[in-house]
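Novice: Guided by the hints, dock chain B onto chain A, whose structure is given.
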Amino acid sequence: MKPGRLLAWGGLAALVWLARGLVFPLCLAAALAYLLSPAVAWADALAIRRSVAVSALFAVIIAVLAVAGFLLGPGMLAEAAALVDRLPALARQIDVGLDAVVRELAESAPALRRLLPEGGDWVQRFVLNRGPGEPGDLFEHVGHLFLLAILVPFFAFFLLRDMHRLIAVAMDRLPPQHVETSVAVWRELNGVIGRYIRGLVLDGLVVGALAALGLWAARVPYPLLLGAFAGLANAVPFVGPLLSAAAAGLVVVLTPGQGLAGVGRVALLFLVIKVLDDTVIQPFTIGRSVHLHPALLLGSVVVGSHALGVLGMIIAVPVATVLQETARLLLEHRRVLARRDLRLRPERPVV
Amino acid sequence: MFERPLPRWLAWAADPEQLRRAPFLARSPLFAGLPRRLLARLATRFFEKVYHPGEVVFEEGDPGRALFVVVEGAVEITRATAQGAYVLNTLGPGDAFGELALIDDFPRSATARVATPGRLLILYKSDFDALMDGNSRIALVVLRNLSRLLAIYARRRPVVATEPGPGPERAGPL
Chain A
1 MKPGRLLAWG
11 GLAALVWLAR
21 GLVFPLCLAA
31 ALAYLLSPAV
41 AWADALAIRR
51 SVAVSALFAV
61 IIAVLAVAGF
71 LLGPGMLAEA
81 AALVDRLPAL
91 ARQIDVGLDA
101 VVRELAESAP
111 ALRRLLPEGG
121 DWVQRFVLNR
131 GPGEPGDLFE
141 HVGHLFLLAI
151 LVPFFAFFLL
161 RDMHRLIAVA
171 MDRLPPQHVE
181 TSVAVWRELN
191 GVIGRYIRGL
201 VLDGLVVGAL
211 AALGLWAARV
221 PYPLLLGAFA
231 GLANAVPFVG
241 PLLSAAAAGL
251 VVVLTPGQGL
261 AGVGRVALLF
271 LVIKVLDDTV
281 IQPFTIGRSV
291 HLHPALLLGS
301 VVVGSHALGV
311 LGMIIAVPVA
321 TVLQETARLL
331 LEHRRVLARR
341 DLRLRPERPV
351 V
Chain B
352 MFERPLPRWL
362 AWAADPEQLR
372 RAPFLARSPL
382 FAGLPRRLLA
392 RLATRFFEKV
402 YHPGEVVFEE
412 GDPGRALFVV
422 VEGAVEITRA
432 TAQGAYVLNT
442 LGPGDAFGEL
452 ALIDDFPRSA
462 TARVATPGRL
472 LILYKSDFDA
482 LMDGNSRIAL
492 VVLRNLSRLL
502 AIYARRRPVV
512 ATEPGPGPER
522 AGPL
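First to last, the protein sequences are chains A and B.
Per the working numbering, residue 1 is the first one in the first sequence, and the count goes up by one each step.
Per the working numbering, residue 352 is the first one in the second sequence, and the count goes up by one each step.
Since the hints were made in silico from the structure, they are not lab data.
The structure presented is a predicted model; accordingly, all values stated were derived computationally and were not measured.
Using N, Cα and C, we set each Cβ at its ideal position, and we do this for glycine too.
Distance windows between CB atoms, simulated: (1) A/242 x B/457: 46 to 56 Å; (2) B/378 x A/41: 22 to 32 Å; (3) B/498 x A/8: 52 to 62 Å; (4) B/495 x A/17: 51 to 61 Å.
Looking at chain A on its own, in the form it has when it is part of the complex (with noise of 0.2 Å):
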């Protein structure tokens, strides 16, 4: 290799390596993009320009992002105000519960007292002795959302905008030999992560509708706060659900007044949720863009999330959906490679 050209990779790795910060914009921005891309499709068929179609779709999400929080904000910030007012008084709550459950299993079997954790006050120290002890990590977590909430539409928009640009580039650079196969992966991996991102999304969103609503009716807390959380959650498979059960139940028994009736009719909410998320809302979301084994499936949720946690946990189904259907088309074109190497001609097309 040249020495220029050597030279050229080297500051291009350090470059990225610099950049190595912007990666997990970048994939945020790029899911947006996936979202956004049937309005931009639709506004190309209409033959407008690609910058006023985004211009105006950013302007539009703008506007009723607005419209929301103005109708949902207050709710959601008055229940994340009185859950930060009521957190000590929980977190006590959670901690007496917690040293009684450990006294009572010393008592009941001293074998297990070296096993057990020693001093109390655990989710008091660890939810109180946080935020206040600590301003400059605070002013960092704000930052950094901050910095998230301004970068992810920006490159959102510039991937909208010119990402045509950028493929024409490619394809212009790309030798004809491989322009076939190249084209046929690209558009398959592209329908395959643009379904799936979007019906993950439009999964979130019932899903975290009907937890609210269902919390709302079972006259559970913070219907809201905990529905906008299933949502989320929803999109980590397997375990999502169950965390977001997990926390419904948990505002359940701190609540006076609602007992083991309140636990069993939340239990029971996220159990038709689930059943109903499985065997209704999925096959119309995401059911058609994800073709893998229920065994890879899990595999890959497994490994995904000893790779990169829970980012790993949501981002593994599409990369082994991309993995397997890059595999098979591939595989595909080598086949019909080696029986033409082979002159085993095909039957002729019947005309």
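Specialist: Positioned in the frame of chain A, the structure of chain B alone reads:
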């Protein structure tokens, strides 16, 4: 609903490339008869690529996954014979080739090579299938046009030979 182009006062917002592509496709025998709205939707699914003279678009026996439409330049359709490559046809702007990839999974029956500098539009099979799933009118019109092209080809060559004969002939659908 969107049969008409954008109103005059919105002309500044129109995309010239899309405005050029849809009428161009309408002139292709394969897409003739499709309403403007469907042509506009179809046009957004095409990729465009510049080819240089001598470049092979696909070879006989390659897996067929896409349809090509010539925008500029000329494309030679050839078939290998014992005597060497036999030119079946030379296609120009508006002509489509590789159309059988849209309806079956057979390998290519001939080789397509670019003869003069040109640009091709490429439509991937799954994109066409997705459009047909959403709108049976596209399927009806394109398949009717394709049947017409096949009928013309069949009348010209009633018996399909395994090797092209010595006389002049034109390529059928690939």
